[in-house]
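Student: Here is what each chain is made of, one letter per residue.
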Amino acid sequence: MSDYKEYLSEREQIDRMFEIGYSIENVQENLSGALVMFEKIGSETETLHIKTADARKYFSNLLLQQRQNV
Amino acid sequence: MADLRTNLAGIESPNPFWLASAPPTNSGYQVQRAFEAGWGGAVWKTLGDPILNVSSRFAAVSFNGQRVAGFNNIELITDRPLEVNLQEIYETKKRFPNHTVVVSLMVEPQQEKWHEIVKRVEEVGVDGLELNFGCPHGMAERGMGSASGQVPELVEKQTYWVKEAAQTPVIVKLTPNITDITVTAESAARGGADAISMINTINSLAGVDLDSWNTIPHVGGKGAHGGYCGPAVRPIALNMVGECARSPRINVPISGMGGISNWQNAVEFMLMGASNVQVCTAAMHHGFRIVEDMIDGLNNYLDEKGISSVQDIIGKSVPKYSDWGNLDLNYKIVARINNDVCINCNKCHIACEDTSHQCIDMLKDDHGNSYLEVREEDCVGCNLCSIVCPVDGAIDMVEVGSEHPPMTWNDRQAAIGSLQNPSADPIK
Ligand SMILES: Cc1cc2nc3c(=O)[nH]c(=O)nc-3n(C[C@H](O)[C@H](O)[C@H](O)COP(=O)(O)O)c2cc1C
Ligand code: SF4
Ligand code: SF4
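Chains L and R, in that order, give the protein sequences.
Using the working numbering, read the first sequence as starting at 1 and increasing by one per residue.
Using the working numbering, read the second sequence as starting at 71 and increasing by one per residue.
The hints are simulated quantities; they were obtained by calculation from the structure and are not laboratory data.
As the structure is a prediction and not an experimental result, all values here were calculated from the model.
Misleading hints may appear alongside valid ones.
[Unchecked claim] Taking lysine to any residue pairs in the SDA-like style, the calculated list, with each CA pair at most 20 Å apart, reads: (1) L:LYS57 <-> R:LYS163; (2) R:LYS163 <-> R:ARG260; (3) L:LYS57 <-> R:ASN284; (4) L:LYS57 <-> R:SER488; (5) L:LYS57 <-> L:SER43; (6) L:LYS5 <-> R:ASP431; (7) L:LYS57 <-> R:ASP481; (8) R:LYS163 <-> R:GLN102; (9) L:LYS57 <-> R:VAL450; (10) L:LYS57 <-> R:ASP393.
[Stated by the list, open to error] Chain R side only, calculated, beta carbon under 7 Å to chain L, not exhaustive: (11) ILE306; (12) LYS402; (13) GLU446; (14) ASP448; (15) MET467; (16) VAL470; (17) HIS474; (18) MET477; (19) ALA485.
Idealized CB from N, CA, C, for every residue including glycine.
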């Protein structure tokens, strides 16, 4: 998959989490990218492994937005 | 006609162009001819105990047909007695009272030695002093020049000794042969420097002869490292000027030098915080008259921009120079190829395919003619294709808007950090 396609797919997964009411609860960065943990009251925590650089920028932007909306 | 007069820590000059302390300022004859040609000031070849030089002394690095892309020397300070230099300084200043004569000094790191030379030089009437803490060869082996310029405490102490005796402004000339030049710049300021200047030359070996296996230059078959200057060092010098200019801990004016060859280079250094500029290699390569183009070019530039005084450009780019962590991760540019200008040399395609992100496609139009197109979604905006393209205007780097407001690495890390440590989060 091209980097761009992989980014789009990761971006969709991130968008999906927000659409169904999750927000970012924690981020762990490591050699393989970022593990983004999502939380939603009354639900299990979900984790996405985000690998592409553009998607790691993308969730960071959403995280900044999320903090501003608090 | 813009006002080109400058003032560096109280040292006034008819224009910002000074000759740096080096062979062009070795004698009264030379400095007076330079003033006639239009140079606003000169920093006299470094005075101290007269030295002995070797032969040969210089070597240049050519690159792809450009002669003197870089220049290397193993020359030391003046080899003439102090009295001879002082007499010529006196005569020069008498003939050119409105031009600036700063005298470069270097003695052993002892208080009385500095006091003595400062008094004797100031007696003949000079506009300022420059302390040579930068010469990287020969003098350094004797504990002077860059050997003392690399030790922050010695920079501070020697500056302090000079300031004890000096009546005129003191400029401390720094060596680039150090990891972080702001450390020694700060020491100079703490020692009482009125200004700092940079850069002196960078440790170098110009080359090795493939047949004789001698160093270039060599002295009867033996070589020693020299000091590098000229166009090749300009980006290094410009960064060092910028780093000092933006440091909140360094609040003295800067005289910038290192590879300045034309008025455009001079403007860059001034925008990046230099109050004036000094030139050595370009004058050695092309002669004193290059200053005519420098003055005309600077004048026209200021007139075209509607700026009445050259002093108004000093430091204008400094607020734009920051740390990587403050850059906007969301700012994005992409390459766009103008096929009506492109000559189909394929250099950009090869560069992107082999060493960047493989996003310049080779396509064929309806008539079977090849053309190149950038897949913008995969382009990271690295600039490489436009750097290697031999045709002006064939590749534009264009900004594409972002759906998000600016976000720096520092913003991002703070946001992620606050998830892990919510009590430290000012928003939550
Ligand atoms: C041959 C030669 C001799 C130099 N001698 C001195 C010197 O005596 N004192 C000094 O402070 N700098 C000396 N320099 C350094 C220059 O003043 C200047 O800092 C350096 O060359 C960078 O400027 P440029 O790139 O315009 O040449 C010398 C440079 C050259 C090339
Ligand atoms: S800017 Fe970089 S990534 Fe984009 S096309 Fe040019 S070389 Fe490739
Ligand atoms: S390097 Fe420039 S001229 Fe050559 S193919 Fe690319 S765009 Fe065209």
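Student: Now tell me, hint by hint, if it's right for this structure.
Tutor: Results for each hint:
1. At roughly 61 Å between alpha-carbon atoms, LYS57 (chain L) and LYS163 (chain R) are farther apart than 20 Å, so this suggested pair is violated.
2. In summary, the hint linking LYS163 (chain R) to ARG260 (chain R) is not supported, as the alpha carbons are separated by about 31 Å, beyond the 20 Å threshold.
3. For a cut-off of 20 Å, the pair hint linking LYS57 (chain L) to ASN284 (chain R) is broken: about 53 Å separates their Cα positions.
4. A distance of roughly 17 Å separates the Cα atoms of LYS57 (chain L) and SER488 (chain R); the hinted pair therefore holds under the 20 Å criterion.
5. Our distance criterion of 20 Å between C-alpha atoms is broken by LYS57 (chain L) and SER43 (chain L), whose separation comes to about 26 Å.
6. Using a Cα cut-off of 20 Å, the hinted pair LYS5 (chain L) and ASP431 (chain R) holds, with the two alpha carbons roughly 17 Å apart.
7. A threshold of 20 Å between alpha carbons decides the hint, and for LYS57 (chain L) with ASP481 (chain R) the separation of about 12 Å falls inside it, so the pair holds.
8. Of the supplied pair hints, the one linking LYS163 (chain R) and GLN102 (chain R) holds, its CA atoms being roughly 9 Å apart against a limit of 20 Å.
9. For the hint pairing LYS57 (chain L) with VAL450 (chain R), the CA-to-CA distance comes to about 13 Å; that is within 20 Å, so the pair holds.
10. For the given pair, LYS57 (chain L) sits about 19 Å from ASP393 (chain R) by alpha-carbon distance, which is consistent with the 20 Å threshold.
11. Interface restraint check: ILE306 (chain R) against chain L, minimum CB-CB distance 30 Å, threshold 7 Å, status violated.
12. A least Cβ separation of about 10 Å between LYS402 (chain R) and chain L goes past the 7 Å threshold, and the interface hint is therefore violated.
13. Taken as an interface hint, GLU446 (chain R) does not check out: its beta carbon lies about 10 Å from the nearest beta carbon of chain L, beyond 7 Å.
14. With its C-beta approaching chain L no nearer than about 5 Å, ASP448 (chain R) sits inside the 7 Å limit, and its interface hint holds.
15. The interface hint given for MET467 (chain R) is violated, since its Cβ lies 18 Å from the closest Cβ of chain L, which is over the 7 Å cut-off.
16. With a cut of 7 Å, the hint placing VAL470 (chain R) at the interface with chain L is violated, because the nearest CB-to-CB distance is about 13 Å.
17. Hint status for HIS474 (chain R): holds, given a least beta-carbon distance of 4 Å to chain L, under 7 Å.
18. Using the Cβ-Cβ criterion of 7 Å, the hint placing MET477 (chain R) at the interface with chain L is satisfied: the shortest such distance is roughly 6 Å.
19. Given the 7 Å rule on beta carbons, the hint for ALA485 (chain R) holds: about 5 Å separates it from the nearest Cβ of chain L.
In summary, the structure is inconsistent with hints 1, 2, 3, 5, 11, 12, 13, 15 and 16 from the numbered list given earlier, while agreeing with the others.
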